[in-house]
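These are the residues of each chain, in order.
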Amino acid sequence: MTDKNHLIPPGWDYNPASWSERIPIVVLAMIGFFIAGYLSLYQFEVIDSVWEPFFGDGSVTILNSKVSHVLPIPDAALGAFGYLVDAVTGIIGGTGRWKKMPWIVIVFGLAVGPLGFVSVMLVVFQPVLFSAWCTLCLASAVISIAMIGPAMDEMLASLQFMKKVHKSEASTWKVFWGSSSEIKKVE
Amino acid sequence: MWARIINVLLGLWLMIAPGIFQYSSAAADNGHIAGPIIITFSVVAIWEATRVVRKWNYPIGIWLLVAPWILGYDSTIAIISDIGVGVLVLIFASVRGKVEKSYGGGWSSLWKS
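The listed protein sequences correspond, in order, to chains A and B.
Numbers 1 to 187, taken from our numbering, label the letters of the first sequence in order.
Numbers 1001 to 1113, taken from our numbering, label the letters of the second sequence in order.
Just chain B, with the same shape it has in the complex (with noise of 0.2 Å):
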């Protein structure tokens, strides 16, 4: 639970750092962008049924790190939080949780023959 709501708080900080930091472009939009999908998927990830999800946040993650060269960020605060921002989304991405309940084998049951 916590560890999905960290990551829904950094997915906002994303939406709202362009605005407190006055930076624009590519930048800005990548937060507008990343923040809301990574706030997503990590609500959804808070019930058991659903918290396979908090992985999609892998690939977001990564992007995060990844983005500052490919977009060409020229606010140094900028690249700092999109770092930064990745590599906490990864951490807690990462934390399974307590999963007290059975599923009948959840998700993978159905693609397993």
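Bound conformation, chain A alone (with noise of 0.2 Å):
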């Protein structure tokens, strides 16, 4: 129990990075993971036609606009390999990874957070330039919001602890980077 208790926060009731915290985190980003990789398939014609119970030439429409075509690769396998960022990031490093491995809970918050609230929005104006709505676009926005407030707890116990680095005697590069030898001198 005292091994448990150390791993939480200064000031917090709980461990952001416990297991119960993250494992809905990155099960929500592998579906995320799947839809977005289905629809990529389509723009990537492997597969030559998507499923769309609702909105008739909707997803057609938006699978194929020039919006999506815009970059090298089509958008849904752009968010395809976000969603693999969250993932991986999410699963990597232990329940003390907020101090002891601040880096990847920080690219995990910003793969999450604003990288997150950025492809939605895009998802979403969709119907603003070519009036047309496709359901499992609006469900991988779906997903993505409902990440993003529970990640944003252990960004907020890392950014914490990163500012008392920064007052420390420690290295903030180093710590950073997860030196257990320096993490030590916070303590």
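I should point out that these hints are in silico values taken from the structure, not numbers from a laboratory.
Note that the Cβ used here is the ideal one computed from N, Cα and C, for glycine as well.
One or more of the hints may lead you astray.
Said to hold, decoys possible - Only some residues are given here: those of chain A computed to face chain B with a beta carbon under 7 Å: (1) 9; (2) 128; (3) 145; (4) 163.
To be verified - Residues from chain B that keep clear of chain A, each with C-beta distances beyond 12 Å, as calculated: (5) 1053; (6) 1055; (7) 1058; (8) 1070; (9) 1072; (10) 1074; (11) 1075; (12) 1096.
Put the two chains together into one complex; each comes in its own frame, and the hints tell you how they fit.
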């Protein structure tokens, strides 16, 4: 029990890096990965139709739009890659990673938070541009939005820890990359 | 929790109202953009650690109150809908709700010395 308690950040009631906090986010990221991966198979022309129960030609209109092909790789493939980054950075590291591996928590937080938000906005603004809706695109947006809140507490714990490091004798740079000898200096 | 859910529903309303009342152009575009933003901020604010994000809906709510004149809506229903939603979003965004756990001083601890 004491072993668990020392992983709770100062001034917190729980450890935001515990598995029960992280697994649901990783599961959501994997679901997002499969949805975006499926949509990118259509954009890569591996499959020639896409599941669309509500909006008729909506999915096809949006997945073939100029905006979705403005980059060298289709936007759904980028989205799938983003979810993969979310899942991988969500799973790497033990339950003390908010202080033992700040870099991974901060990469995870930035990928799920600001990047997730931007990708959601790109998805949902498509009706403005093309007057069309896409069921699976919206489902993926819902997943991205649901991941942000639960991921940010761990980011907050890491940022608070990095601020403490910055004020201490230890090297902020080395602690950020997880040097255990530097981390000991903070405690 | 309930205040966040209500704002999510208000955001959804902004997204679907243009389709229901068949108004288009600036009023519809505004709903299709403001709706998802309100939904996103409201959902993120459900969790205690990010409850502060509820306040990000203040500028969106205020925008909805002035948008009908800035964008020149021609649909009365759209004007009433946006103003009504704007007022309600501001009210429910101001509800803090229960925060039962502590978070080491929260986000503001990062910029306080």
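Here's how the hints hold up against the structure:
Hint on residue 9 of chain A holds. Least Cβ distance to chain B is approximately 5 Å, under the 7 Å limit. For residue 128 of chain A, the shortest C-beta to C-beta distance to chain B is roughly 5 Å, which falls under 7 Å, so the interface hint holds. Contact between residue 145 of chain A and chain B, as hinted, is supported at the beta carbon level, the nearest pair being about 5 Å apart and thus within 7 Å. Taking 7 Å as the C-beta contact cut-off toward chain B, the hint placing residue 163 of chain A at the interface holds, the least distance being around 6 Å.
Non-interface call for residue 1053 of chain B relative to chain A: violated, since the shortest CB-CB distance, roughly 8 Å, does not exceed 12 Å. With 12 Å as the threshold on Cβ separation, the claim that residue 1055 of chain B sits away from chain A holds: the shortest Cβ distance comes to roughly 15 Å. With a least CB separation of 17 Å from chain A, residue 1058 of chain B remains clear of the 12 Å interface cut-off, as annotated. Chain A leaves residue 1070 of chain B outside its interface by the beta-carbon criterion, the shortest separation being 17 Å against a cut-off of 12 Å.
Even its closest Cβ contact with chain A, about 17 Å, leaves residue 1072 of chain B beyond 12 Å, as expected for a residue assigned away from the interface. Residue placement check: residue 1074 of chain B keeps its beta carbon more than 12 Å from all beta carbons of chain A (closest about 18 Å). A cut-off of 12 Å between C-beta atoms confirms that residue 1075 of chain B is not in contact with chain A; the least separation is 17 Å. The claim that residue 1096 of chain B lies off the interface holds: its Cβ sits roughly 16 Å from the closest Cβ of chain A, which is beyond the 12 Å cut-off.
This entry does not satisfy hint 5, going by the numbered hints stated previously; all others are met.
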